[in-house]
Amino acid sequence: MIEVKDLVKSFDGKTVLHDVSATFYTGKTNLIIGQSGSGKTVLMKSLVGLLQPDSGSILFDGRDLVTMPLDDVKELRKEIGMLFQGSALFDSETVLGNVMFPLVMFTDKSREEILERAHFCIKRVNLVGSEDKFPSEISGGMQKRVAIARAIALNPKYLFCDEPNSGLDPKTSIIIDELLSDITHEYGITTVINTHDMNSVLGIGENIIFINKGYREWVGDMTQIYTTANEALNDFVFATELFQQVKNYVTANGHTKQPDKQ
Amino acid sequence: MLITNSLATFGRYCLFIKRVFAIPDRWGVFARRTIAEISKLGIDSIPLVIVISIFIGAVIAIQMQLNITSPLIPAYSTGLATRDIVLLEFSNSILCLILAGKVGSNIASEIGTMRVTEQIDALEIMGVNSCNFLVLPKIVAFVMFMPFLVIICIGTSLIGGYLVALFTEIITVTKYIYGLQAFFQEWYVWYGLIKSLFFAYIIASVASFYGYYVKGGALDVGKASTDGVVSSSILILLFDVLLTKLLLQ
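Residue numbers (the working numbering), protein chains in the order written: chain A, 1 to 262; chain B, 1 to 249.
Just chain A, same shape as in the assembly (with noise of 0.2 Å):
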């Protein structure tokens, strides 16, 4: 579990998240939403250390980021994974070297070992026989499904994704969306996705919190955000016709998820 408390952060004098407080829990897909500018990218580089938070803590598990050494942050960061809006895959590696990667800094494992793991994640992701293909060879569905693997290579306890459906097509995003919800559920993972992708909200958001102008301005499920009467968020996620429907039907009819039993 991640608890961020009191967080604030602010660039050349002007504030981008006020006392945003917020739990992330272990084993459910916590959302982070909001438009763009709301400071929901700052929130989420300050969860992973990128940026340093100028007041507020930060606790993995009870660990503070925010006042822990240095050494003890290069540990933690052992149990990250991350994956980025743009994949941020290793151009010069093939698909398994970046899956490897990982393993080979932070383990002792033989190569045989290594091997055996990379494989297990590239399998878990459904990418067997890319292995020997480079990132520019593959599509950007396929290098966000390597970035997964690379990300649970190591078993992370924290998961971290960044816009993880941006530039994908509709059907490859859901693929995406399920494929973090199943690997947070099976191993037991914080995972934490920073979105706008509504598809996203509605599908799989556990633990949505809503970000506005800096301030967290509401915390609910899937289900939950159909009747909120917050008036941003509903601006924010209902703002097509398709939505509006969608929130009438549901409204009208119930939600078919729920979360818990997912």
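Errors might be hidden in some of the hints.
Stated by the list, open to error - Computed footprint of chain B on chain A, listed as stretches where at least three residues anywhere in the stretch have a Cβ under 8 Å from a Cβ of chain B:
no., stretch
1, 39 to 51
2, 86 to 97
3, 116 to 126
These are calculated hints, taken from the structure and not from any lab test.
The beta-carbon is built from N, C-alpha and C at its ideal position, and this holds for glycine as well.
Given the coordinates of chain A, work out where chain B should sit on it, guided by the hints.
Leaving out everything else, chain B in the frame of chain A:
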């Protein structure tokens, strides 16, 4: 303002270098990466060095002969002057200015692209010291391989002059070869090799620094590449003066 900015950049460079010269997490990975960089930065530069050196060696020989017209100056002076120009300046300073363009832009654009595509962030989040992981193998590889490039440059430049003697009537082969051997000072070779080590370090570290701190997109990678080449070229010229003063006087 210019002084403040320069000092701030120098300070940032020092902090960057402090991170670069940390102990590698995995010596095996470091060794493999260094060998790969020797191939990419060093061995891949050999054809360029050979082509440039042959032509410049030939041009130096022709120009020397055409400018030495006095009957009081012996004819073998062409070989001697060609050799000393190559040993003292061309094989190290001029060669490194040329390599600053090729290798420097290669390094800055590679690391800059890794920055804008979040590959460096990915390394940092994994807990890898990205400065050390990416830059140290490049610096070690290029500094280690530079003396070989200098020696290749010296050899092929003198061959360029020899070809002029062989295929033209400007100077005879015998006099050219006699000139190459006349009044030879071994220290000139060491002087060139020592200078080249400093220049190799400047090229690799400065280009890496500009690439590492790129912000933005493709345009900024191009700008960082240019800044890296310009800055390392200016530093090479500055250190050329300082090292010449220190080593030859």
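We went through each hint and held it up to the structure:
no. : hint       : verdict
1   : 39 to 51   : holds (count 3)
2   : 86 to 97   : holds (count 5)
3   : 116 to 126 : violated (count 0)
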